[in-house]
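**Q** Keeping the supplied structure of chain A fixed, place chain B upon it in accordance with the hints.
So the protein sequences, as listed, match chains A and B. Once you know that position 10 of the first sequence is 10 in this note's numbering, the rest is easy, because the numbers rise by one and skip nothing. With positions in the second sequence counted from 1, the corresponding number in this note's numbering is that position plus 1000.
There may be inaccurate statements among the hints.
Covered stretches of chain A, as calculated for chain B (at least 3 residues, CB under 8 Å) [stated by the list, open to error]:
#, segment
1, 30-37
2, 44-57
3, 68-78
Here's a subset of chain B near chain A, in silico, CB distances under 8 Å, partners left out [claimed, not checked]:
#, residue
4, Y1019
5, I1040
6, V1117
7, E1120
Just a sample of chain B residues kept apart from chain A, beta carbon distances all over 12 Å, derived [said to hold, decoys possible]:
#, residue
8, S1033
9, I1045
10, G1154
For the record, the hints were derived by calculation from the structure and aren't laboratory data. Don't be surprised by glycine CBs; every beta carbon is placed ideally from N, CA and C.
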Amino acid sequence: MSKHDDLLAGLGRFSEPALYILISLADGPKHGYAMTQDIEGLTGQRPGPGTLYGAIARLESRKWIEPLPAEDRRRPYRLTAAGQRVLRHRLESLRAVARIGRARLAES
Amino acid sequence: MTTARRLLRLYPPAWRARYGEEFLAMAGEGALSARNAFDIVMVAIDAWLSSDVRDATRALRPATNGGGMPMLKTMLACGRRTTVTPRDGLIGAGVMLAVNFIFAGLGVWLHRSGWLVTGEMLKGLAFPASFTLAMPWWAMKGSPWKAQCVIVGGTLLVLIVLSWVAARI
Chain A
1 MSKHDDLLAG LGRFSEPALY ILISLADGPK HGYAMTQDIE GLTGQRPGPG
51 TLYGAIARLE SRKWIEPLPA EDRRRPYRLT AAGQRVLRHR LESLRAVARI
101 GRARLAES
Chain B
1001 MTTARRLLRL YPPAWRARYG EEFLAMAGEG ALSARNAFDI VMVAIDAWLS
1051 SDVRDATRAL RPATNGGGMP MLKTMLACGR RTTVTPRDGL IGAGVMLAVN
1101 FIFAGLGVWL HRSGWLVTGE MLKGLAFPAS FTLAMPWWAM KGSPWKAQCV
1151 IVGGTLLVLI VLSWVAARI
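Next comes chain A alone, as it looks inside the complex (with noise of 0.2 Å):
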């Protein structure tokens, strides 16, 4: 396990979300619902909205993600260099778990 998982790992919880919602800023900056739509679409699975802005206030505080300047009431996030390392990190410690899965499938 690489220092990054051990960082995201320590979300306890929240981590799982925190993951959607660095997938889900990948591709641009999104407000809170319109990573809870994609998340949903990613997933099939809509986080609520405490878990949703639990993860916010972690990934915010560790400086993953950052808020942009406020549309109306909603205000748009977007990720930052250490979480786009984060998540790049954690994909591919994923990416060798699943092929090590299916290896062992293969073989059994």
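**A** Just chain B, lined up with the frame of chain A:
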């Protein structure tokens, strides 16, 4: 006042000042589902207890005039001056395990006896209730006992109502 706006009042003032408006814009001004209401309440508890979130919102918030729940503020301020010992941790863990076991066992027994809604409610309530009842041994240690009664009792009441609603859906 909408349900989301009411539930937002459970969050720390700094959190509300920082995320309140956009949170309400996302949660919507209409009726909330029981699942989302439960989610908001559970994350409100986390927002009070997590030093991570407290520090983040304190650093990020615009200037506010305070407000919020004075008793809870006093409780948290007192709690910060108290050391949680390994013995407290063990007692808290014991309380959590015991309450989980009692609620889950009672829930299963009631469910099998035909009390479907009450059984489901108790099973769903087992973990949040055990977490809440164990708080006097760590998060609220050193706080005035009246504050502990209000916070633990109030949270349990909210959890019971939400679990009852969720179990009937």
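**Q** Are the hints correct? Go through all of them and say.
**A** Here's how the hints hold up against the structure:
1. With a threshold of 8 Å between beta carbons, the proposed coverage of the segment 30-37 of chain A by chain B holds, since 4 of its residues qualify and at least three are required.
2. Only residues whose beta carbon comes within less than 8 Å of a beta carbon in chain B count, and the segment 44-57 of chain A has 9; three or more means the coverage holds.
3. Coverage of the segment 68-78 of chain A by chain B holds. Counting CB-CB distances below 8 Å, 5 residues qualify, and the rule asks for three or more.
4. The restraint placing Y1019(B) at the interface with chain A holds, with a minimum CB-CB distance near 5 Å, inside the 8 Å limit.
5. At about 4 Å, the closest approach between the beta carbon of I1040(B) and any beta carbon in chain A falls short of 8 Å, and the interface hint on this residue holds.
6. Violation of the interface hint for V1117(B) is found here, the shortest Cβ-Cβ separation to chain A being roughly 23 Å, above the 8 Å cut-off.
7. Using the Cβ-Cβ criterion of 8 Å, the hint placing E1120(B) at the interface with chain A is not satisfied: the shortest such distance is roughly 20 Å.
8. Non-interface call for S1033(B) relative to chain A: violated, since the shortest CB-CB distance, roughly 9 Å, does not exceed 12 Å.
9. Distance check on I1045(B): its Cβ comes as close as 10 Å (rounded) to a Cβ of chain A, failing to clear the 12 Å threshold; non-interface status is violated.
10. The claim that G1154(B) is not at the interface with chain A holds, since no C-beta of that chain comes within 12 Å of its own (minimum 18 Å).
The structure fails hints 6, 7, 8, 9 (numbered hints given earlier, in ascending order).
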